[in-house]
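If you want the building blocks of each chain, they are given just below.
Number of protein chains: 2
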Amino acid sequence: MKRAVVLLSGGLDSATVLAAMTRDGFRCHTLSFNYGQRQKIELTRAAELARTLGAVEHREATIDLRAFGGSALTADIAVPKDRDENAISHGVPITYVPARNTIFLAHALAYAETLNACDIAIGVNAIDYSGYPDCRPEFIAAFETLANLATKAGTEGGARFTIHTPLQTLSKAGIVRLALELGVPVGRTLSCYDPSISGEPCAHCDACILRRKGFAEAGAVDR
Amino acid sequence: MKRAVVLLSGGLDSATVLAAMTRDGFRCHTLSFNYGQRQKIELTRAAELARTLGAVEHREATIDLRAFGGSALTADIAVPKDRDENAISHGVPITYVPARNTIFLAHALAYAETLNACDIAIGVNAIDYSGYPDCRPEFIAAFETLANLATKAGTEGGARFTIHTPLQTLSKAGIVRLALELGVPVGRTLSCYDPSISGEPCAHCDACILRRKGFAEAGAVDR
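Chains A and B supply the protein sequences, listed in that same order.
Numbering of the first sequence is given in the numbering used here, commencing with residue 503 and proceeding in unit increments.
Numbering of the second sequence is given in the numbering used here, commencing with residue 503 and proceeding in unit increments.
Simulated from the structure, these hints should not be mistaken for lab results.
Every residue, glycine too, gets a C-beta built ideally from N, C-alpha and C.
Be a bit skeptical, because a hint or two may be false.
As the list claims (entries may be wrong) - Listed next, with one range per pair, are the computed distances between beta-carbon atoms:
| no. | chain 1 | residue 1 | chain 2 | residue 2 | range |
| --- | --- | --- | --- | --- | --- |
| 1 | B | GLU640 | A | THR554 | 50 to 56 Å |
| 2 | A | ARG568 | B | ASN618 | 16 to 22 Å |
| 3 | A | ALA643 | B | ASP584 | 30 to 36 Å |
| 4 | B | THR564 | A | LEU684 | 49 to 55 Å |
| 5 | A | MET503 | B | ALA589 | 33 to 39 Å |
| 6 | A | GLU702 | B | ARG585 | 57 to 63 Å |
| 7 | A | ALA661 | B | ALA589 | 57 to 63 Å |
| 8 | A | ALA661 | B | THR671 | 29 to 35 Å |
| 9 | A | LYS504 | B | GLU683 | 49 to 55 Å |
| 10 | B | THR554 | A | ARG505 | 29 to 35 Å |
| 11 | A | GLU702 | B | THR671 | 25 to 31 Å |
| 12 | A | VAL723 | B | GLU640 | 27 to 33 Å |
| 13 | A | HIS706 | B | GLY527 | 34 to 40 Å |
| 14 | A | ASN536 | B | LEU684 | 35 to 41 Å |
What the hints assert, rightly or not - Under 10 Å between C-beta atoms, here's a sample of chain A residues computed to sit facing chain B:
| no. | residue |
| --- | --- |
| 15 | PHE535 |
| 16 | VAL599 |
| 17 | ILE605 |
| 18 | PHE606 |
| 19 | TYR613 |
| 20 | TYR634 |
| 21 | ASP636 |
| 22 | ARG638 |
| 23 | LEU651 |
| 24 | ALA652 |
| 25 | LYS654 |
| 26 | ALA661 |
| 27 | CYS704 |
| 28 | HIS706 |
Start from the sequences and build out the full structure, keeping to the hints where you can.
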């Protein structure tokens with residue numbers, strides 16, 4: 503069985519990626535980041551989801567994104583609330599963390615290389631990439647090219663790195679359907695940008711609004 | 503004056519890059535990494551060199567490379583000593599840290615984006631790239647492409663990121679000559695992979711051997 507490194511945030515999207523990669527026959531090593539999030543509860547949920555969804559190993563890496571500031575997800579900028587869907591899907595949002603997916607994928611690449619794995623999975627999707635530059639397919643393709651030039655594995659011939667994005671073309675409703683089909687415990691995933699310490703979603707940030715819309719469109723109940 | 507982010511390790515190469523970027527008219531913001539090095543003295547030297555060479559700001563980011571193991575520079579693998587030059591210049595050395603330059607450049611990109619800078623400099627060179635895959639010109643070119651796809655700046659049009667590698671085509675002797683020409687306090691730089699706590703170079707690792715050869719070929723004295 504091939505090993506894969508799966509980026510796991512504790513949210514619905516990355517949990518669904520983990521379930522999809524497991525379904526596709528990979529032995530999954532999950533990786534979460536402590537990057538100065540507003541609440542640590544998402545890290546607890548990520549570790550729990552890794553166990554529930556059968557990851558063979560879960561690691562948490564600490565990184566210093568906060569040192570660079572610049573985002574409502576890490577700094578003391580307020581998370582925008584109750585924006586309409588049109589506003590959500592246009593322009594780069596203030597919750598954008600500079601170069602976040604580049605940094606996350608770079609760590610995943612280091613981890614994969616030490617495991618002799620050449621498969622990496624990330625939960626970028628059609629909703630994200632309207633707003634976040636580092637969720638677009640052309641960004642992912644560029645990272646895959648980079649990965650094969652950056653590493654010992656890539657250089658010495660043999661394995662080629664693949665960046666898997668099983669959600670890339672899915673809407674939020676499509677992700678909800680896939681999550682339910684794959685048995686993801688959706689009630690234990692946390693999408694909110696501004697949850698309470700105990701993990702209650704705020705219900706008003708962009709992520710909560712998109713999640714609610716996704717469940718509604720999928721005709722499913724979000725427990 | 504344009505701002506640039508300069509990766510600064512405390513070694514001769516990156517100090518020379520800082521001096522070269524300053525000469526070229528950039529206001530330099532330097533960035534060092536605490537990544538579980540054998541000795542922290544190189545971080546002290548980096549901060550000192552940033553001041554001496556006129557950086558406008560110096561930051562140190564902590565990253566978790568050690569969590570992934572796999573290198574004599576971070577883990578408890580012995581640093582190879584007294585290898586002959588032929589061995590040094592062939593194959594990927596055990597001092598290779600998985601995906602290190604990808605991770606370093608990803609952080610530099612985050613820092614640059616928060617500064618509204620679109621110039622990043624790194625001290626890769628002709629000696630390194632015979633051994634380290636992530637020092638080759640094609641890796642740097644791929645990262646530049648990635649940077650312009652990864653970021654808000656790149657996406658919203660306007661500035662394009664440039665990765666500067668002023669040492670790319672230089673031999674170690676060429677770097678020594680440039681360093682002396684630009685007034686780098688070479689005696690305060692630390693190239694050794696395995697220094698003492700107080701910063702005395704071991705004189706036997708690949709980095710010490712290449713440095714000695716570089717000074718000899720440049721006809722210079724390494725104080």
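Evaluation of the interface hint that places TYR634 of chain A against chain B, nearest CB under 10 Å
9 Å, holds
Cβ distance range 34 to 40 Å for HIS706 of chain A and GLY527 of chain B, holds or violated:
47 Å, violated
Interface hint check: ALA652 of chain A, Cβ to nearest Cβ on chain B, cutoff 10 Å. Holds or violated?
Holds, about 5 Å.
Do the beta carbons of LYS504 of chain A and GLU683 of chain B sit within 49 to 55 Å of each other?
51 Å, holds
Given ILE605 of chain A as an interface hint, is its Cβ closer than 10 Å to any Cβ of chain B?
Status holds, d = 4 Å.
At the C-beta level, are ARG568 of chain A and ASN618 of chain B separated by a distance inside 16 to 22 Å?
19 Å, holds
Satisfaction of the PHE606 of chain A interface hint, Cβ to chain B closer than 10 Å:
Holds: closest Cβ of chain B sits about 9 Å from PHE606 of chain A, inside 10 Å.
Restraint: CYS704 of chain A near chain B, CB-CB cut 10 Å. Satisfied or not?
Constraint on CYS704 of chain A not satisfied, violated at 24 Å.
Between ASN536 of chain A and LEU684 of chain B, does the C-beta distance stay in 35 to 41 Å?
Given about 39 Å between the Cβ atoms, the range holds.
Starting from the range 49 to 55 Å, see whether the pair THR564 of chain B and LEU684 of chain A falls in it by beta-carbon distance.
36 Å, violated
Using the C-beta atoms of MET503 of chain A and ALA589 of chain B, is the stated range 33 to 39 Å upheld?
Check passed, 36 Å falls within 33 to 39 Å.
Against chain B, run the beta carbon of ALA661 of chain A and see if the smallest gap drops under 10 Å.
Where the cut-off is 10 Å and the nearest Cβ of chain B is about 13 Å from ALA661 of chain A, the hint is violated.
Violation of the numbered hints given earlier is confined to hints 1, 3, 4, 7, 10, 11, 12, 13, 26, 27 and 28; the remaining hints are satisfied by the structure.
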